[in-house]
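Undergrad: In case you want the letters, here they are:
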Amino acid sequence: MTSSKSQRAYLDEQQAIAQLKQGDLNGLEFLVQQNQVQAVHSAYLILGERASAEDVVQTAFLKIARKINQFNPKYPFRPWFLRIVINDAIKAAKRQQKSVSFDKPADEAVLDWLTDKTPRPEELAEASDLRRKVWTALQQLPPEQRAVIVQRHFLEMSEAEMVEKLERPASTVKWWLHSARKSLKALLAGENHENR
Amino acid sequence: MKTDNLNSILSDLAETAKPAVQIDLWPALKKSLTANNGQSKRGKSILNQTRVLRHAAFAALVVLAALAILLVTPQGQTFAQTLMKYFTTVSQRSIPPVPPTPVPVPTYSLEAVLVPQPTISMDHQDCGERISPISSTFVCQLQDAQEKLGFVVKSFPARFVQAPFSFMWVDQEHRLIQMRFRGQQASYDLDQGLGDFPKDCSGCAIYKEAVQLVRVGEYQAEYARGIFIFTDDKGSMGWNPDEPVYHLRWKENEHWYSFTMSTGQFAGLKPFEIQAKMIRIAENLVSLDQGADQLTAGSQPSIQDSAGFTIKEPGLLPEGFQQVPDVSESDLTTAPRVGIGYEYSVNGQWVNSLTLEQMLIPTDDKTLRREFALVYQNQTLVNGNWVNANTDEEVQINAVTGYYLEGADPNISALYWRDDEREYLLIYQLNPDFGGRLDKETLISIAESIK
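As given, the protein sequences belong to chains R and C, one line each in that order. When we follow my numbering, the leftmost residue of the first sequence carries the number 963, and every step to the right adds one. When we follow my numbering, the leftmost residue of the second sequence carries the number 15, and every step to the right adds one.
Heads up, a few of these hints could be off.
Said to hold, decoys possible - Looking from chain R toward chain C, a few residues come up when the C-beta cut is under 8 Å (computed):
{"no.": "1", "residue": "975"}
{"no.": "2", "residue": "1002"}
{"no.": "3", "residue": "1112"}
Unchecked claim - Simulated crosslink set (DSSO-like; lysine-lysine; CA at most 30 Å straight-line):
{"no.": "4", "chain 1": "C", "residue 1": "291", "chain 2": "R", "residue 2": "1029"}
{"no.": "5", "chain 1": "C", "residue 1": "44", "chain 2": "R", "residue 2": "983"}
{"no.": "6", "chain 1": "C", "residue 1": "213", "chain 2": "C", "residue 2": "162"}
{"no.": "7", "chain 1": "R", "residue 1": "1147", "chain 2": "R", "residue 2": "1136"}
Since the hints were derived computationally from the structure, they do not count as laboratory data. Treat the numbers as computed from the prediction; the structure is a model and nothing was measured. Where a beta carbon is used, it is the ideal one built from N, C-alpha and C, also for glycine.
Full structure from sequences and hints, please.
TA: Take a look at the structure:
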């Protein structure tokens, strides 16, 4: 069942790409609907801003619409597209030189959510606190390390996939992940220490 | 913090910042696209189709004109012939049996002579005094091969190929090298050399219709799936396009490369994924200069180190015998064991072979002698007892009692003996098409020279 579903999805995607190659916007619409959520969320986790994340993804869709003839239909579309989004998000993050601290939250929605005053069970409060700490720590990482964390832990790519998509040696990807996790852990430990 | 927690926290963070149901980029994108193109209210076109068609028609005309000019000139005809030149191809799907070509082989007993020791071809501290497929690592063998061949040998990149190195074979005369890597899910073979591709044997050729033109980076390449397989016991062969054996060949300036990948049916990859994977690997071949960690099997220990005991080799071999590179190391994790093969071939045809198996003495009855009885002597179980139809003859090997074993097939015989820590089996096999024979005394001489 799963396999026939995924096969159908694959065929739909192939059809959409073929349409887009012929200049038919319906093909692009399909690709946008299928991939926009994951792309915006990934970009957001790297950039820390909703508006910038949407800009990056929108620009990426425009880019692939122009470059669709360069896409090899033998490969799945999503990894190719997400790689463009992540690279663009890293570049945008570098341009912004963002280093968000929780004292200056860039995203009011996240702040509202994290500081939600609505009474909730104790465990939910703990979970919320952890999320806040992770968010703060994540935004203090350099953009490349943020991207590695997003790929591994949000997009749930395996290390092997990361090696293939990033076209970097396995040892480099392992080192990046190790380094990013270590930084994240240190930042979380630091925050815990400060809060005591 | 557990990683699955981190995964769900990141998902929550993203979803809270921008819930999936609120993400809809399409209206803005569509507006942007149609505004940029200044047309198509119906949203049917991204680009100016007329201009695209005009460009396409012009490009097609240019290509056709160029081809027409090319193909009527001698240079053009040469070009056309080079379109498919890398594989040795055959235009029939089946190949009739090929009778063996008689070769001049002595019909008298072969004599054992001293095995010449390999010369040291380089000065490398980490590789020991001599390079051998048994005691040297893949990296040392590769370095040695480069010295002998005089060009930089490329190998598989560790980031795309995870498979243990099996063996390599260097042909200095024809300036080529073959390397084999055997993974659990796939085998990877890479041959490379200078000049033109060597001509393949008829059964190793590719059915012409199976060849596709592809590219490896900037280089033209040829790709095919399938192999010729035996279709009867007389030696007829037929092309099987469904065999999971994939071939890719290309040239980079004066170097040629032949990459073959064989997968099990269970590998789970679609053919087009394998083609893409092979091209990706081919585009990313690495050399030793880039660092041993970049190479597949770059950190693999030697067979000697894997075995955990000093592997012994014969000091005498019959004249003309050479070690074959495929050294087996079966069951190294449970019963340390190594098999080394030696062959006598003439014009590529196998004439005689010797195999030396050595294994730490097992604690159960799964000895090499028992294995020989089961495999070569048709030992059978009668009333709960194993019965061997053959009579094994006691012999002395360096003052140790051993056995001369004859197989059910008269062309197979062996010596079996033990020392304090391990047992040995030296199997001799003769190709009856060619004659020549090693007698018992010569086998004993070889066994006694093992150290």
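Undergrad: State for each hint whether it applies.
TA: Hints, one by one, checked against the model:
1. Checking residue 975 of chain R against chain C by beta carbon gives a least distance of about 14 Å; that is not within 8 Å, so the hint is violated.
2. With 8 Å as the threshold, the beta carbon of residue 1002 of chain R comes within range of chain C, its nearest partner Cβ sitting at about 5 Å, so the hint holds.
3. Look at residue 1112 of chain R: its Cβ gets to within about 7 Å of chain C, closer than 8 Å, so that hint holds up.
4. Only pairs whose Cα atoms come within 30 Å are accepted, and residue 291 of chain C paired with residue 1029 of chain R is accepted, the gap being roughly 22 Å.
5. Using a Cα cut-off of 30 Å, the hinted pair residue 44 of chain C and residue 983 of chain R holds, with the two alpha carbons roughly 16 Å apart.
6. At roughly 22 Å between alpha-carbon atoms, residue 213 of chain C and residue 162 of chain C fall within 30 Å of each other, so this suggested pair holds.
7. Among the hinted pairs, residue 1147 of chain R with residue 1136 of chain R is consistent with the structure: their alpha-carbon atoms are about 16 Å apart, no more than 30 Å.
Hint violations for this structure: number 1 only, all remaining hints satisfied.
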